[in-house]
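S.K.: Protein chains in written order, with our numbering: chain A, 27 to 300; chain B, 27 to 300; chain C, 27 to 300; chain D, 14 to 258; chain E, 14 to 258; chain F, 14 to 258.
Incorrect hints may have been included.
Footprint (simulated), chain E over chain B, 3 or more residues, beta carbon under 8 Å [to be verified]:
hint, stretch
1, 129-139
2, 250-263
3, 274-281
In silico SDA-like cross-links for lysine to any residue, where the CA-CA straight-line distance does not exceed 20 Å [stated by the list, open to error]:
hint, chain 1, residue 1, chain 2, residue 2
4, F, K98, C, V132
5, E, K68, A, P125
6, A, K161, E, T96
7, E, K111, B, D245
8, F, K189, A, L108
9, B, K161, B, T98
10, F, K73, D, P72
11, A, K211, E, T96
12, F, K38, C, I71
13, E, K111, B, P266
14, F, K45, C, D85
15, E, K164, B, G229
16, D, K111, C, V132
17, D, K221, C, N255
18, D, K45, B, I65
19, F, K221, A, D279
20, D, K164, C, F271
For the record, the hints were derived by calculation from the structure and aren't laboratory data.
Treat the numbers as computed from the prediction; the structure is a model and nothing was measured.
Even for Gly, the Cβ is constructed at its ideal location relative to N, Cα and C.
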Amino acid sequence: MSAVKKSLVVEQLRRNQMIELLAQGKRMDGRGLLDYRAIKIETGIIPKASGSAKVTIGDTQVIAGVKVETGTPFPDTPDQGLLIVNAELLPLSSPYAEPGPPDEGVIELARVVDRGIRESQMIDVSQLVIKEGEKVYAVFADVSILNTDGNLFDTTSYAVVAALLSAKYTKYEMVDGKLRPTEVKEALPLRTIPVSVTIAKIGDSIVVDPTDEEEAVMDARLTLTTDSNGNICAGQKGEPGTFSFDQMLSGADTSRMKGQEIRNLLKEATGYTG
Amino acid sequence: MSAVKKSLVVEQLRRNQMIELLAQGKRMDGRGLLDYRAIKIETGIIPKASGSAKVTIGDTQVIAGVKVETGTPFPDTPDQGLLIVNAELLPLSSPYAEPGPPDEGVIELARVVDRGIRESQMIDVSQLVIKEGEKVYAVFADVSILNTDGNLFDTTSYAVVAALLSAKYTKYEMVDGKLRPTEVKEALPLRTIPVSVTIAKIGDSIVVDPTDEEEAVMDARLTLTTDSNGNICAGQKGEPGTFSFDQMLSGADTSRMKGQEIRNLLKEATGYTG
Amino acid sequence: MSAVKKSLVVEQLRRNQMIELLAQGKRMDGRGLLDYRAIKIETGIIPKASGSAKVTIGDTQVIAGVKVETGTPFPDTPDQGLLIVNAELLPLSSPYAEPGPPDEGVIELARVVDRGIRESQMIDVSQLVIKEGEKVYAVFADVSILNTDGNLFDTTSYAVVAALLSAKYTKYEMVDGKLRPTEVKEALPLRTIPVSVTIAKIGDSIVVDPTDEEEAVMDARLTLTTDSNGNICAGQKGEPGTFSFDQMLSGADTSRMKGQEIRNLLKEATGYTG
Amino acid sequence: MTTVLLDDRGLRHDGRRVDELRPVKIEVGVLKNANGSAYIEFGKNKIIAAVYGPKEVHPKHMALPDRAVLRCRYHMSPFSTDTRKNPAPSRREIEISKVIREALEPAVLLYDYPRTAIDVFLEVLQSDGGSRCASIAASSVALADAGINMKDLVCACAAGKIADQVVLDLDDVEDKEGSGDMPLAMMPNFEQVTLFQLDGILSSQQFKQAFSFALDGCKRVYQLQKEALMKKYFGQGEPSMEESE
Amino acid sequence: MTTVLLDDRGLRHDGRRVDELRPVKIEVGVLKNANGSAYIEFGKNKIIAAVYGPKEVHPKHMALPDRAVLRCRYHMSPFSTDTRKNPAPSRREIEISKVIREALEPAVLLYDYPRTAIDVFLEVLQSDGGSRCASIAASSVALADAGINMKDLVCACAAGKIADQVVLDLDDVEDKEGSGDMPLAMMPNFEQVTLFQLDGILSSQQFKQAFSFALDGCKRVYQLQKEALMKKYFGQGEPSMEESE
Amino acid sequence: MTTVLLDDRGLRHDGRRVDELRPVKIEVGVLKNANGSAYIEFGKNKIIAAVYGPKEVHPKHMALPDRAVLRCRYHMSPFSTDTRKNPAPSRREIEISKVIREALEPAVLLYDYPRTAIDVFLEVLQSDGGSRCASIAASSVALADAGINMKDLVCACAAGKIADQVVLDLDDVEDKEGSGDMPLAMMPNFEQVTLFQLDGILSSQQFKQAFSFALDGCKRVYQLQKEALMKKYFGQGEPSMEESE
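Just chain A, same shape as in the assembly (with noise of 0.2 Å):
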């Protein structure tokens, strides 16, 4: 998922001068190493969406948009609405995507996401069933990368949580055992906002919101999602590299410290107050 293309020499030379300039505490574009680049938030871009938001983030630019549908839910849980998060990887958001279904890169990212949301229980899903057992909401949060730039997991995610901020969807009711639409809007039945925080391990610094040529030689990656409250509720490490114990403590930390600015960006952008 890398717009970089590595190269041995050339990747090895990056790396060495980046971890020179981090041992100094600085990075290539002039950030601090815990400050995220610009984070832009617009919702209601697709009309036709119940909900959506675009989410900028330096270069990389991501759409979420959601489908509040009617569907059948699972077996196992009769009494809760659907939560379905997916993610394209668009071709023409890099030059080394392609078309085609997910790789694995692109999976993770679509369930990382949709555990951040999900572990937080953002969504009341009891309160998305029409019938129990027969009939409930199903909420379908699509994703399209445009363009990227590193860091995919936050973009993604807080466009998704963006879109679902500002949803609104149709009510449906049941009449002689057949769905029929009302008039009646409502925004979901959300209890908490998650944020994702992502790090990136290269040599011996920590930084947070990598960008593409950073991802391109970090050694490893560490998303933490934090819920309003400050609690963590999901968490992945990425990439073929380690973390200290210390490392993942203090990680700990910095999700939830820089969660809490941005889930004031996302409340900002959305007017939600809940």
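Position chains B, C, D, E and F relative to chain A; hints supplied.
M.R.: Okay, now just chains B, C, D, E and F, sitting in the frame of chain A:
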């Protein structure tokens, strides 16, 4: 979908030779520019199908089989039966056909044939309803292409039309909410006979019913379908060449004229007099 | 599906050597021509399955798991339960097995094992009906091939048969049109024990239970399945060699004879006495 | 409503005797683009076989240095069956493609064509019982029509069991309502079996009888194959595909 | 509840006259990674076009020795339609990808870029009637933005029929409830048609009128394409993708 | 009927204390064809790991000039779960394959094997909570059995939360009815985390406790891995796969 493999130099030579000949109003096989090759239409060759036809144009050979089954209507058209057209370029049809799912050329072919029939309103799908919103007849028209020598669009279209014209299907009735076949066999509710006419532009010349050899060097293809009243009801330009505005408009006249001739062949072959 | 990669010259040498040895009535591993390797049958190894068995013949190792679930009968057999046999050649089973959907060899394997069981009428599927035309039991027999060293047909077949012989499934009842599990666990309704016997033709010799090394050079394969009464109930010749008429007929005798021996092993291992 | 598979006069539901073949019609050279082709009607089966090759192998590493690769695809048109068939190849079609290839391979002189591929494509336009045997018979003729060297034709015919009686050449009704089907293919001049399958319970005695019936049917199919090739290469008459009824 | 497609004053359901285009907005250079890109709003259509290339071809044997391979992928985001769309490419998307490619190809100077590929990717973020015409218009601008040599821009617009009246540029409602749609693309400086499709019954007279309407619409789209490119390369203003309403 | 996840004596539904591991059994070298293999029972998990390699890479362009490619496939047998699992790899299996590979990779000396591939195949014969941790433990032992150079074994164990209490090593029941699961893998001699995932809400304090529990569990698994390897290479006893109960 071409049975003539393109070699850069040979292709160019053949093209030049053909353009020269066409400028004199002649074709490689001696036909006039607006002449079809011999068209042979046989029906009833697959007794297990509700309707079937084998159409041969020159060396292009196609079999269409129609199966009328029962199915569920689309939610947005509860009062209409279904029509599904599907074509397969069998690997036995040419040295260049490959087994596997249909490529874009075959998908275009099936969709253009489908639209010619659908848009002409040949079948009165409102009469193919058993119980509105629940059970309708589904008309499957499947095409097996046996041998290719150009103009698959028309050959396939005539085969499907002839199979539909000659089809008889078993009526079903609803008894206690369950479908039951009756002894009654009926012709499909038909209203018109759509006929496609395909022209090819080669250099500055326009020909109808191109052979494989002509298709290999043609600039562009235009298929126009007319109904029994001489209206145009479907059209498709294909291949990466262009048509002038005049060529488009005179193409419409050609399709009406040739279409009427071929409509008579279809009536003769199927005994359809509607 | 062979674990011995074929090299033209080596294959020919090994084949010649083997044919010479077989002409003297000897095999590479010292067995007689009509001797099986050691057969080990263990049941109940996957407690989560309704029935399970691990069968080892020489170094060929196979696990079969049976799940009995509920399903909808086929429209043309509303009064019969379902049996679905599926096999997978796991990539861990040999250096030449690849991940991915089953190839033609594995499809043949699963279908031959399925037919041996189905055609022998081992399971009385008419007793696997919960409500005719609506709900029946579906018996899934899935096979994971763990290590290959020849004769997958018999190893797989015995594993499925042993898993079925030892299976217990939960009975369901219909309450107000809905399925509800009961506390009752029952053995499957069984009528006979089908046993397949596979012979290989190498040169002019016939051997049973070929190893991977023998399969790599064999001319043809014949699998015949007999039931408890000594009737032949399924057969499959494979590989691009031939059998003489006499070889076919004496193969039938061999399958009856060896089948009876192995049937006793299956009874012993499963405690089935029916 | 059950079909009487065998009546008191020993006749089958379509009037045949127990050892009688359905009507068979074979035409050679029915497709223009193929190197060789044949059309067979075997009862209600209507099947086209086409042969392409010997030809280059793609991808190249699939080629064999000392002989040709024989490939085979048996496929049913969606309209060929009572209920519409999904056009994607089923597991059944994949297995039948394999056993047909293995049935033909012993007869084809593959070592005469190193580093090439020979493709046999079968399209079942209408299916009836015994379509794999009919396919083998047609393939074998199409291979001959393509000029591929063979040491023998492969002929094929099934025996089966209805009403506890062994019979020759089951049709669809008998295959469905009967209790056993045993397709067989062989090289008649070498007396070697190249395809054998069996579904259904046969006693030792019935197995022997079925085997003998099938061999006999094969020999009759072999005559028809030879006649069709003779007609094309030494006789008269234009190939056609009209319904024979 | 049926929509009045054409009222007594000759106005359409959205207030347009029969020969009036929906509002169109084109922005150039909206994606950072692509070599060229454009964003178009055409009525409620919201579509991004991106061009990558000329670039190496993989696999290599797909390259052409004397010219570039033009490839095109038209794709709809799952949230772009009224009911969620499965993200896997449908047969409709495959056909549209093909006709868009064939509509663009006559204008691109492929022989200037031998042995390379030029990829045009289209993402429909929100769909309305006429998305293929809007896609062609955007693609053409994105190709120009990528600096690909072209002999003309390709402009596109549909005509159609509602209430037995030929009209310009159907939206979703008119496409669904109307009775004919005829998308057209052309090279305005060569007066050559590069895309043409027709669904729906048109009399001889209506066909001519629709053709003339569509050509006229194409010319207006052409002006907008030129203006967008001028604005990027000679004018001011930052690209954005905000809702224009 | 709800399960009592933690009773008044502080015992879990299966009688374990909060910091107690399920029974674990590891056997080395259970498959003949693989270069290395291991079988693990971890609670009710029954998993086989097999290693093939270092070996040639196909297709060749996937090879790396300076090191080996590590590949991993985690797969569940259809009969391994309560309800039959479709044999095609699910999105979950694809993600787990990826994180297991990334958990193992830091320990494997890939630069010792340039231009080769090392394949780790995992088959879950019966699944219980914590199958990915058990898979990592088995993989690591199988890699050692295959003689692949490693700088450390990778050990793995999950912590989780039930009844608002942090506990070690959730089984299926606890995973389903509990409120948090945190699988962890590490290299014990380097004190480096190689896999980490978390589902479920943990307060700051709980997170630290869970982390410490999981590390402790990892260390115990590490002892069992070492013992299994010792037994194979220096001890006695034949490998078997019988049910340990």
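S.K.: Taking the hints in turn, state whether each one holds.
M.R.: Structure-based check of all given hints:
{"no.": "1", "hint": "129-139", "result": "holds (count 6)"}
{"no.": "2", "hint": "250-263", "result": "holds (count 10)"}
{"no.": "3", "hint": "274-281", "result": "holds (count 3)"}
{"no.": "4", "hint": "F:K98 / C:V132", "result": "holds, 19 Å"}
{"no.": "5", "hint": "E:K68 / A:P125", "result": "holds, 16 Å"}
{"no.": "6", "hint": "A:K161 / E:T96", "result": "holds, 17 Å"}
{"no.": "7", "hint": "E:K111 / B:D245", "result": "holds, 15 Å"}
{"no.": "8", "hint": "F:K189 / A:L108", "result": "holds, 17 Å"}
{"no.": "9", "hint": "B:K161 / B:T98", "result": "holds, 5 Å"}
{"no.": "10", "hint": "F:K73 / D:P72", "result": "holds, 15 Å"}
{"no.": "11", "hint": "A:K211 / E:T96", "result": "holds, 17 Å"}
{"no.": "12", "hint": "F:K38 / C:I71", "result": "holds, 15 Å"}
{"no.": "13", "hint": "E:K111 / B:P266", "result": "holds, 10 Å"}
{"no.": "14", "hint": "F:K45 / C:D85", "result": "holds, 7 Å"}
{"no.": "15", "hint": "E:K164 / B:G229", "result": "holds, 19 Å"}
{"no.": "16", "hint": "D:K111 / C:V132", "result": "holds, 11 Å"}
{"no.": "17", "hint": "D:K221 / C:N255", "result": "holds, 17 Å"}
{"no.": "18", "hint": "D:K45 / B:I65", "result": "holds, 16 Å"}
{"no.": "19", "hint": "F:K221 / A:D279", "result": "holds, 11 Å"}
{"no.": "20", "hint": "D:K164 / C:F271", "result": "holds, 18 Å"}
No hint from the list above goes unmet by this structure.
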